[in-house]
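Dock chains B and C against chain A, hints included.
Protein chains in written order, with the UniProt record's numbering: chain A, 1 to 261; chain B, 1 to 706; chain C, 1 to 335.
The reader is advised that the hints may include incorrect statements.
[As the list claims (entries may be wrong)] With the Cβ distance kept under 8 Å, some of the chain C side facing chain A (calculated, not the full set): (1) MET1; (2) ASP11; (3) THR13; (4) GLY31; (5) SER104; (6) ASN109; (7) SER241.
[Unchecked claim] Cross-link-like lysine-lysine pairs, in silico, PhoX-like; alpha carbons within 20 Å at most: (8) LYS312/C <-> LYS704/B; (9) LYS601/B <-> LYS173/A; (10) LYS693/B <-> LYS312/C; (11) LYS160/C <-> LYS60/C; (12) LYS693/B <-> LYS163/B; (13) LYS276/B <-> LYS313/B; (14) LYS440/B <-> LYS15/A; (15) LYS154/B <-> LYS283/B; (16) LYS153/A <-> LYS87/A; (17) LYS181/C <-> LYS224/C; (18) LYS382/B <-> LYS661/B; (19) LYS301/B <-> LYS129/B; (20) LYS584/B <-> LYS334/C; (21) LYS527/B <-> LYS543/B; (22) LYS286/B <-> LYS313/B; (23) LYS141/B <-> LYS276/B; (24) LYS14/A <-> LYS440/B; (25) LYS60/C <-> LYS224/C.
[Unchecked claim] For each label pair, taking beta carbons as the anchor points, the in silico distance ranges come out as: (26) ARG260/A <-> THR650/B: 16 to 24 Å; (27) ARG150/A <-> GLY415/B: 43 to 51 Å; (28) ARG524/B <-> LYS251/A: 51 to 59 Å; (29) LYS14/A <-> ASP122/B: 53 to 61 Å; (30) GLN413/B <-> LYS217/A: 25 to 33 Å; (31) GLU60/B <-> ARG150/A: 32 to 40 Å; (32) GLN413/B <-> GLU221/A: 16 to 24 Å; (33) PRO138/C <-> ARG150/A: 37 to 45 Å.
It should be emphasised that the hints constitute simulated quantities derived from the structure, not laboratory data.
Idealized CB from N, CA, C, for every residue including glycine.
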Amino acid sequence: MEENESPQLTKDEKKLFEDLMPEDLNEILVHGVNRRHFLKLMTLAGGGMLAWQSAVAEQVLTRPFSALTSSDFSPANIENGVNLSFKVNGAAKKLMVDSRMTLLDTLRERLELTGSKKGCDHGQCGACTVIVDGRRVLSCLTLAASCEGRSVKTIEGIAQGNELHPIQSAFIKHDGFQCGFCTPGQICSAVAVMDEAKNGEVSCVTEDVRQTASPIKLSNEEISERMSGNLCRCGAYPNIVAAIQEVHSGKEVAQTWEFRG
Amino acid sequence: MQEKEKVTGTPVSRIDGILKVTGKADYSTDHPVKNVAYAVLFKSTIAAGRIKDIDTAAAEKSPGVLSVITYKNAPKLNLKGGIRGGSMLQSPDVEFFGQHIGLVVAETFEQARHAADLIVVDYEKKEAKTDFEKLHQQGAKPKDKEDEKRGDVKAALDSAEFKVEETYATPIYHHHPLEPHATIAEWQGENVILYNSSQIINGAQNAAASTLNLKPENVRIISPYIGGGFGSKGGQWGNLVLAAVAAKMVNRPVKLALTRQQMVNSVGLRQRNYQKVALSATKDGKLASLSHEITTHSAIKEEFVEPCGDCSKVMYDVPNLLISYRVVAMNMILPTYTRGPGKSTGSFALESAMDELAFKLNMDPIQLRIKNEPERDPSNGKPWSSRTTVQCLQEGAKAFGWEKRKAQPRQNQLGNELIGYGVACGTYPAHQRPSSAIVKLKRDGEDVTATIELAAADLGTGTYTILAQTAADSLDLPIDKIIVKIGDSDLPPAAGAVGSVGATSYANVVNDACIKITDELIARSGKQFFTRPTAAQLMVSEKVDNIQTRADSKPPENAEDYSSHSFNANFAEVRVNISTGMVKVSRFLAVTGAGKILNPKTARSQIIGGNVWGIGMALTEESVVDPRWGNFVTRSLGDYHVPANLDIGTMEAIFIREEDKFGNKLGVKGIGEVGIVGVAAAVANAVFNATGKRVRELPITPDKLL
Amino acid sequence: MRPFKYTNAKDVTAAAKMLAANPDAKFLAGGTNLLDLMKEDVEQPNELIDITRLALADIKLISSGTNKGGTSIGGLGKNTAAANHPLIRQNYPLLTQAILAGASGQIRNMATNGGNLLQRTRCSYFFDVAMPCNKREPGSGCGAMEGINRMHAIFGWSEKCVAVYPSDMAVALAALDAVVKVRNASGQERTILLADFHRLPGDTPEKDTNLSHGEIITAIELPKNNFADKSYYLKVRDRASYAFALVSVAAALEMNGNKIAQARIAMGGVAHKPWRAFQAEKMLVGKEATEANFRLAAEAEMADAKPLEHNKFKVELGNRSIVLALQMAINGGKS
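Chain A extracted, bound-state conformation:
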């Protein structure tokens, strides 16, 4: 991968970042545009950028961006190093990790994929949920070293390019979050729950586990139980269930608020 692009931005480009990604501007000016900025800009582009911005964005998006792994990381700081090659969101990754490093910290601190969140680091909140070889797991309790050859999908890989996954769109529509910190984990979990239902997997609230109907049609209670490993402190649970139910059932779920008086 290319080295960091020279930080010289055109006036328009600088303005673009200043307007859309002010929190990143400082870094961009010093270090140049990297892949993370690129991803973010892509997202914003999908989220309805202004016309003049789109033109500039196009310019930025066609330029090379910096390598994904932190270039300043020195292998000298790795103890009991383990060579790891695996796939993240479809791209092959090779790096050496400290044997103690979790998948979560590897994603966040080495691969600049900070979408997966550290809410508890002990498997008690679900904010770090990612999908490994098709199944949802907790990246905080997964050693990176144990991921050799595996395929990891994170929140950054849920959308197909510029197109949101239906679960992502439904979360926006049904306001399935407030602060948004648990959201990456909720969404990875929800995407996997869809497949689990398709496979006919049962849950703790399934009426009769001996029935082998497949796929399973999920009631709201089923969705609630299956999503209970993802805590949301803001209390967006009913909205999360509504979002998932809408995608799962293919039927619109009404949004309910009412004004009286």
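Coordinates of chains B and C only, in the frame set by chain A:
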């Protein structure tokens, strides 16, 4: 000229939603800072005493370690700078279990965490005050709270025909936002950038600057997204300045995140309260007296007392009133504001007692409340800017099917479950706070865009979205032409997102700025207009390329002539398993009168979020101290049960249409806090209606219903 | 977390050998409990032997031996796979329910069947290295005995330890008379009855199980039984999901006409191991499946309970839970 449809008041989806669902919203530790070193805190394992010696040799020798910082080598900080809770490595004294006593900075997180485990501390222990059950009778008057008295409570109580005298207890609760408190500190010469989730951007800036002996302009707080706060990120705590200290000492940017376990004694808590409530009434339900005596605890050196008596001051028309507070200084982390501070816990006591009184009077609890509706604010005699309690109760009763409630408990059983209904009211004051904002307009041909800038915070409350809506309407621009920049202390100073003042203060100042810039455009045109043109029109017609202005807004001058509050009524349906005592809130309805609702979608989420908090308060959450050490035994999210998805049943929100023009220009009241007030009581009252068991000590776990 | 060497085992015997060679080594399977404890500095291995890729995940009918006609569950299969396998769902729905009552979807996707058996207690004094704990540090004392012991044992505890074993899966396995198959470094296999697999704390609370260092759990075998129609796993907890049990009950009945031919009852959340309610079981055999008989059986079992200061409620809750679980079992899972 075509009138654009207003977007304010419509259910616009969050404009920051796309970043949140794709993992690209940056919270504290997500900001990509190069060459960052990692800091891990270590904490005291005694509750009181002094560090005799601290052996850092093994840690210092551990691979990758850059520095071990303790009171021995930490720079001198200003302890009166506004950082809460001490814990800043300024002395060997220990005042509570889990006080920060040092931090290790290393090349990697793994190295720092390991080295922190190698620290050996020798303590000189002192006797610690850790047992509230033993100490609560030693409570003294708080420094900033006088007893409030009206009439003669004792006489009224003595002569009353109907009375309730009970003590209600709530445990220690923790905020536990999903994002643990964390800071990245990066020095640039004399200036330091602190990426740090902050509900009060300027407050964090000032506290950090003052504590670090810097000028505010040397400190920049960056906090575009906040992973929940609920009060714990209102005031700022030691981690903010310790990250800056560490970064200075290792001459590199430093990332410092609290672990979940460290959260329990690092960033405040909601203190345990004993609340003795005595109500007396005539047989037709007119209240004769209300006394509400609160005993709680605070820290050894600093005092914080939740205002549990606030609801009792304003909810009911009662001639004889007593509200008192007593506080015990204990060796524990300083308590702090927690969602619906005082009101959520206080309303549990008051509204449970009202339910008990209604039961004794054989009166519908809704009728009892309506009977005692005050015409003016009984605490100060001011007229209400508006009050919706009765409407909330009546509309709620209709919508909830209150008539199906059985007056006597244990009358509604389905299979192995007892079903019960409960109601309780709540209130929270509404205020506008001074704030400033800049609006910038830019034209490209016919295309006009606006940027709104202010140091506001969005902790999931919807600030980005409601400000875009407000500006879009005020400027006459489509909402996707508005860019909202907040969460940065380099922007114009603004109120904090605390105490339900955020939406009110921010929306009003943005609206003022938009009006002002329109005025300026009109003035600049030098023309007279028959009807007032909009900013969007003027930008194009007057061919203005760029213009910006700043507004500094304050509450209206006569705002203090009125008592301005949000009000609600909460309705709960619970199902209690007869055998196991497990309770599920199967249905919950909150009816809220909170002025103008800027966005019903995000407002509903806020209300439901508060309700979920209240359900957690009522049923699952509890922080437990082992008094022998003063430590929390519930230090993980496996032990401290915030509600999970399956705990929450059907949640409904109704808003009362309300035009309140007195409190602030836009008639906005704020809803973040009121959503939790009254909820725990509604649930507890429903549990009584279902089972006949009155639980006066929260949470209502299965063991309490056997 | 201390530094450790990360190694991979190429086959089962090699894994056992690698473990046997290093007293401070541990196997890494699902990691859901081990990494949690390593982050807390409770577990301090200097080597982790990753065994997740060993071919021990099969679930199959047993075609010979004492458990012929039963089902074998691979030690390294994931909990989710075990809960959802048609052989388990059809023949041992009690086990499916118990597995699904534990943890969360994500954790069950990671956790292995063998690892589930080796879960350590959730006692908060055990988890907090600032507290005394004989299990973590023999001789340091028991923090919970005189402390906050609401979650702790009412059966079989000792002066040294009052912790409870947290697994749900193992409670069902105990009720189903499961057998644990283990292999050692020399390739020798032995079987341990699940009921004997976990230990009571006694004077050595640091030892959770009767597994020796160097042994690997290859499979869990379920004998054939006739409980599938009438079984139920009841879990009582402080929140609706994603919480450990206050009390749980695995109940299974086999009827002969209107009389109980066989009964199996095991409890979770009450002891240092899955607690088989042998007394209650014995009382039920030959009786009619009535609430009154269930109550008598439950009372007989709970009469021996020795609650601590904060968990007296567990006696009454245990009573009621046994009765309710039996009622649910006899009604095919409905109250």
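Of all the hints numbered above, which does this structure not satisfy? Sort the numbers upward. 2, 3 and 11
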